[in-house]
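Novice: Listed here are the chains, written in short residue letters.
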Amino acid sequence: MKLHEYQSKKIFEQFGVPIPKGRVANIASEAKQIAEELGGRVVIKSQVLVGGRGKAGGIKLAKDPNEAMKFASDILGMEIKGLPVRKILVDEAVNFEQEIYLAIINNRSNNCPMIVASASGGVDIEEVAQLSPEKIIKYNIDPLLGLQDFQARDVALSIDLPRVYWKNFIKILHGLYHAFWETDSTLAEINPLVITKDERMMALDAKMIIDDNALFRHPDLIEFRDLDIEAPAEVEARKYGLSFIKLDGEIGCMVNGAGLAMATMDIIQQNGGSPANFLDIGGGAGAEKVSAALRIILSDPKVKVILINIFGGITRCDEVAKGLLSSIKQTKIKIPIVVRLVGTNEELGRRLLCDSEILTADSLVSAAKTSVLLATGGEL
Amino acid sequence: MKLHEYQSKKIFEQFGVPIPKGRVANIASEAKQIAEELGGRVVIKSQVLVGGRGKAGGIKLAKDPNEAMKFASDILGMEIKGLPVRKILVDEAVNFEQEIYLAIINNRSNNCPMIVASASGGVDIEEVAQLSPEKIIKYNIDPLLGLQDFQARDVALSIDLPRVYWKNFIKILHGLYHAFWETDSTLAEINPLVITKDERMMALDAKMIIDDNALFRHPDLIEFRDLDIEAPAEVEARKYGLSFIKLDGEIGCMVNGAGLAMATMDIIQQNGGSPANFLDIGGGAGAEKVSAALRIILSDPKVKVILINIFGGITRCDEVAKGLLSSIKQTKIKIPIVVRLVGTNEELGRRLLCDSEILTADSLVSAAKTSVLLATGGEL
Amino acid sequence: MSILVDKASRVLIQGITGNEGQFHSWQMFQYGTNVVAGVTPGKGGDWIFDGKVPVFDSVKVAKDATGANVSVIFVPARYAADAMLEAADAEIPLIVCITEGVPVRDMIQVRKFLDQKKVYLVGPNCPGLLTPGQAKVGIIPGNITKPGNVGVVSRSGTLTYEVLYAMLANDIGSSTCVGIGGDPVHGLNFIDTLELFEADPETDQVVMIGEIGGNEEQLAADYIARYMTKPVVAFIAGESAPPGKRMGHAGAIIESGEGTAEEKIHALRVSGVQIAHHPEEIASMLIR
Amino acid sequence: MSILVDKASRVLIQGITGNEGQFHSWQMFQYGTNVVAGVTPGKGGDWIFDGKVPVFDSVKVAKDATGANVSVIFVPARYAADAMLEAADAEIPLIVCITEGVPVRDMIQVRKFLDQKKVYLVGPNCPGLLTPGQAKVGIIPGNITKPGNVGVVSRSGTLTYEVLYAMLANDIGSSTCVGIGGDPVHGLNFIDTLELFEADPETDQVVMIGEIGGNEEQLAADYIARYMTKPVVAFIAGESAPPGKRMGHAGAIIESGEGTAEEKIHALRVSGVQIAHHPEEIASMLIR
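These protein sequence lines are chains A, B, C and D, in that order.
Counted the way our numbering counts, the first sequence spans residues 155 to 534.
Counted the way our numbering counts, the second sequence spans residues 155 to 534.
Counted the way our numbering counts, the third sequence spans residues 9 to 296.
Counted the way our numbering counts, the fourth sequence spans residues 9 to 296.
Source of the hints: derived by calculation from the structure; they are not laboratory data.
Just so it is clear, the structure is predicted and the values come from calculations on it, not from any experiment.
Note that CB positions come from ideal geometry on N, CA and C, so glycine has one too.
Warning: the hint list may mix true and false statements.
[What the hints assert, rightly or not] Here are the simulated lysine to any residue pairs, SDA-like style, with alpha carbons at most 25 angstroms apart:
#: 1; chain 1: B; residue 1: 458; chain 2: B; residue 2: 499
#: 2; chain 1: A; residue 1: 292; chain 2: C; residue 2: 271
#: 3; chain 1: C; residue 1: 68; chain 2: B; residue 2: 259
#: 4; chain 1: D; residue 1: 51; chain 2: A; residue 2: 311
#: 5; chain 1: A; residue 1: 214; chain 2: A; residue 2: 387
#: 6; chain 1: D; residue 1: 125; chain 2: C; residue 2: 271
#: 7; chain 1: B; residue 1: 321; chain 2: C; residue 2: 226
[As the list claims (entries may be wrong)] Some but not every residue of chain C turned toward chain B, in silico, with C-beta under 8 angstroms:
#: 8; residue: 40
#: 9; residue: 68
#: 10; residue: 72
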């Protein structure tokens with residue numbers, strides 16, 4: 155679960171990472187008021203869960219409350235990379251000397267948290283990583299022992315941080331590490347961590363991603379989920395425990411298993427078609443889950459054909475067939491459905507479907523070919 | 155630092171270990187009021203830092219508020235093993251079915267925390283440990299990983315706890331472990347942990363010892379230190395960073411280093427004398443510390459001779475000599491002082507002392523013999 | 009013979025009385041797997057499967073009583089870490105965690121602890137192991153493969169079944185199938201498994217099924233080029249996946265350009281691995 | 009030659025610019041110890057002792073620059089754990105922590121981490137090591153012993169000096185003196201040190217100085233009976249100590265009847281160890 159900047163900053167603050175003064179708003183007049191409280195000069199920042207907000211015009215420096223109101227109004231009307239801006243963060247404007255990059259992520263190769271830091275923080279950090287990888291410091295942390303002071307000092311040394319800032323930096327890095335660890339994050343990032351002209355350090359931007367699998371431990375964080383930014387279909391899918399991602403093609407897919415779902419999409423593409431979605435119904439899905447999945451796929455008007463590929467293991471083919479039939483009964487489905495059923499109770503499943511209009515295929519490749527043919531207006 | 159029962163219970167409660175309802179009091183009328191609040195039947199428990207309170211009459215069950223007041227008044231007037239009772243804990247009386255022993259201490263051999271548990275808890279636990287050691291379960295915990303659920307279950311299994319209590323027990327053991335670990339305890343003990351007649355579990359008694367060396371991490375716990383129960387001399391000693399323990403003999407000792415201090419006491423005893431105290435002035439002690447040490451020793455009227463044994467390493471012999479001379483100048487010391495100075499600046503130290511009345515010895519054995527002789531009224 | 013499990017394996021099942029656990033345990037049992045014990049805290053003393061398999065309260069007790077040397081875990085995600093730690097603490101040499109949805113932080117701690125213990129972990133979020141005709145330790149359907157000379161290792165679940173099924177349709181069997189799971193932090197990896205297959209006299213060729221995300225396939229490619237004498241056929245799922253979207257597995261995230269299917273396929277091809285375009289094609293690329 | 013340290017040891021000092029650190033570092037330096045570096049975070053780039061010893065910001069940097077293979081720690085108690093972890097992480101093979109008052113919990117964590125690293129730790133709360141004429145690594149006064157054939161190992165500080173001094177008065181020198189410290193959780197123990205002395209060709213006999221609390225002396229007695237060929241003379245302090253009172257060292261608590269001086273003396277005597285009644289007597293019990 156990605157958190158908004160303002161949410162991440164809230165968590166950082168709880169763990170002792172200094173942040174600028176500021177508040178979130180969803181109407182322009184509120185931005186004006188916050189600007190007045192903060193002394194006039196503020197930064198208006200769109201709260202959308204995509205990168206490149208600045209370049210898209212979603213971050214503006216306002217020199218006084220009136221300008222703050224104007225910019226807030228502009229930004230609240232924007233869409234950035236397809237996402238409407240519903241909230242803005244109004245932060246005090248901070249003058250700074252240096253921008254540092256500081257993040258903690260999990261190092262998959264070493265199975266431990268890793269500090270990533272650079273003296274050259276800011277919007278171009280990815281370019282820095284590309285062009286001057288030596289400017290990016292990576293530092294593994296023993297997950298059971300946790301971050302130690304000497305390690306925080308090593309990081310400060312590695313990025314040539316002036317000594318006068320060490321004490322502060324160590325405190326901030328401990329805060330970031332704890333925020334990362336205690337909230338089950340998979341990413342906790344400060345970019346930039348600035349050194350202000352009056353020699354303080356603070357996190358001007360903040361990004362956190364929480365491990366969805368660990369949300370049961372963090373009931374307080376679940377409230378942070380921003381349903382606004384998700385397609386309604388994805389929200390619906392989550393409700394039924396389906397893993398769904400909307401794509402741009404015409405062939406709707408329903409598969410059990412993420413790997414098989416990807417392989418199915420690959421075959422569609424290899425045969426000249428384009429998948430409309432990724433949809434993994436998971437293991438052991440029953441009839442109810444199947445009908446929900448079908449509903450979600452059908453909610454996309456671009457879908458011309460539905461390909462269902464089920465390899466029954468935990469999932470039983472007859473259950474899938476039942477789900478399909480009941481959905482068809484309820485909704486009048488106008489587009490063709492191609493089904494491939496193999497594995498547990500496959501005979502039973504096929505028998506249930508043989509009297510319906512659902513097409514069956516006996517191999518994945520033939521199912522894909524049939525779907526592509528139908529999607530491009532061909533006939534069988 | 156040993157904590158009182160009521161203090162330990164306060165900590166336990168913070169960590170989710172259930173305790174009886176109750177409150178601490180220092181006047182009898184308050185006990186009456188608490189008993190009224192708790193419904194009449196209460197236990198009055200003296201809060202002194204020694205074992206065997208019950209056998210000494212320091213714990214009484216009162217059947218109503220008036221009896222509570224009477225018992226409170228009795229107990230508040232008591233001395234238990236030389237310690238005056240200044241506070242009592244008034245707890246609701248609890249009817250129970252079983253008494254369990256549950257503690258966490260450090261296992262020195264394995265350098266890790268260890269759970270100690272027994273189904274046969276209660277006042278006779280030490281006897282159980284002697285007579286039926288198989289009834290005492292010991293279980294090591296990985297200090298970096300911390301207590302895991304399966305281990306708590308293993309402990310529950312080992313003490314044959316009925317299954318209906320497992321969930322509760324696991325929660326209590328986690329609470330106890332966290333209380334132990336988070337407060338830098340060297341002991342956290344519940345004896346007894348009872349199963350009540352209405353099938354709840356709670357800690358009827360509580361004992362914690364906090365690592366003195368870690369108190370800098372726990373400013374909130376320092377307030378718990380009960381100066382009342384310490385001899386004024388020991389309080390004074392702590393102020394000066396001296397390690398002092400009052401004993402019953404006649405020869406006051408001042409030594410640098412705990413091992414050497416014990417060896418010095420041993421030699422006094424081997425030569426027929428008896429040490430009045432253990433006093434380690436530590437490494438690098440200056441003149442001020444030495445005078446304070448001397449004052450503390452002299453505050454014991456039983457002391458007839460003072461033996462000072464300094465092996466100068468970090469500690470400089472001339473500093474010790476200066477401290478002695480300045481003390482002698484200030485206070486008129488009527489008892490003989492025998493000094494043995496060896497090591498760093500020993501010549502300088504001896505020269506400073508040669509004009510005073512202080513006796514010097516050139517070996518530890520001769521210093522001890524001289525002291526014993528003087529203490530028993532002999533002459534040199 | 010096979011790798012990791014065979015008919016001599018003495019299998020213990022953690023979470024044997026849960027819904028999923030019971031269903032799959034029964035499948036394993038019926039397949040002929042040597043299921044010697046179940047563990048469900050609080051149900052010790054019960055017997056399951058017509059009184060043939062005893063249930064214990066703890067892994068330690070179960071191991072002492074039955075000599076179990078493999079544990080399969082079916083407990084819910086929030087208890088999975090505890091179950092793995094318990095099995096490792098009891099020094100069960102092979103632990104197979106089927107459970108999906110285990111938090112990454114839990115797995116980081118589990119891995120750190122297990123690394124000290126010298127036990128094998130397979131999974132979590134994996135279909136487990138199957139040595140056809142001998143032992144089914146997990147959820148790979150028993151009827152979609154038969155004994156043969158192909159070692160199969162995969163990060164995926166049903167995709168593996170697809171491959172085994174296509175092999176069977178072509179009359180090709182397998183020595184052992186290993187589902188290593190797709191989570192970012194997990195136990196046995198491709199290299200560990202390839203090493204075991206390389207050393208196994210019953211395995212003549214290997215099928216490797218990967219997917220986007222991470223760099224395990226690239227590391228495996230390097231290992232294959234340096235040390236493998238047996239031929240390897242691979243399939244990598246996710247060529248059509250858009251970058252940066254989560255694909256069901258936390259592992260299937262394309263991390264800033266790293267871990268694309270193209271990159272993996274290229275690395276494997278350079279190492280002399282044959283690449284199948286779709287799962288069904290694999291069967292035709294294997295040596296008869 | 010000696011054990012653990014000799015004139016080839018390249019010694020680094022953590023906390024070299026603190027009050028205590030500076031005083032003792034200078035003593036070590038003057039003694040002729042090969043002090044190659046100091047570490048004080050924030051003071052890297054300075055030089056100390058007339059520009060002869062460089063100061064670094066971190067142990068890793070210091071080790072890379074100077075090849076240090078021993079670290080002595082003089083930092084305040086609340087920073088000692090971090091210093092030990094830093095030295096271990098930099099893989100300094102011998103770490104000597106002089107600092108007293110380190111919290112037990114810190115030491116428990118440090119020990120657990122160090123056990124994975126295969127480095128030696130001596131201390132904390134110890135006087136350190138002295139190989140007469142070669143290297144003084146800690147605070148044992150250099151002038152109270154001389155080169156000789158007696159290995160000395162002790163849980164105590166000044167009590168050790170007392171013994172060394174008495175030995176010197178009888179013209180007996182030592183191969184190496186090791187102060188292992190008296191804290192409940194510490195590094196090198198009696199057995200570790202006895203093993204090293206047993207294997208050291210320059211050591212012909214051993215003096216062991218123990219005190220009340222714990223059971224290390226009893227374990228050492230067992231080790232001596234089984235494996236030691238060299239004669240051992242021991243002194244145990246605390247015969248006159250009342251039970252249950254803390255004696256300055258957290259280690260010197262008599263734990264419910266365990267760890268009394270009587271018990272230790274008995275165990276050692278049974279193992280053939282000669283017991284001295286007081287420190288000065290030790291010298292007379294050694295072989296000339």
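Novice: If you test the structure against every hint from before, which numbers come out violated?
Specialist: 1, 5, 6, 7, 8 and 10
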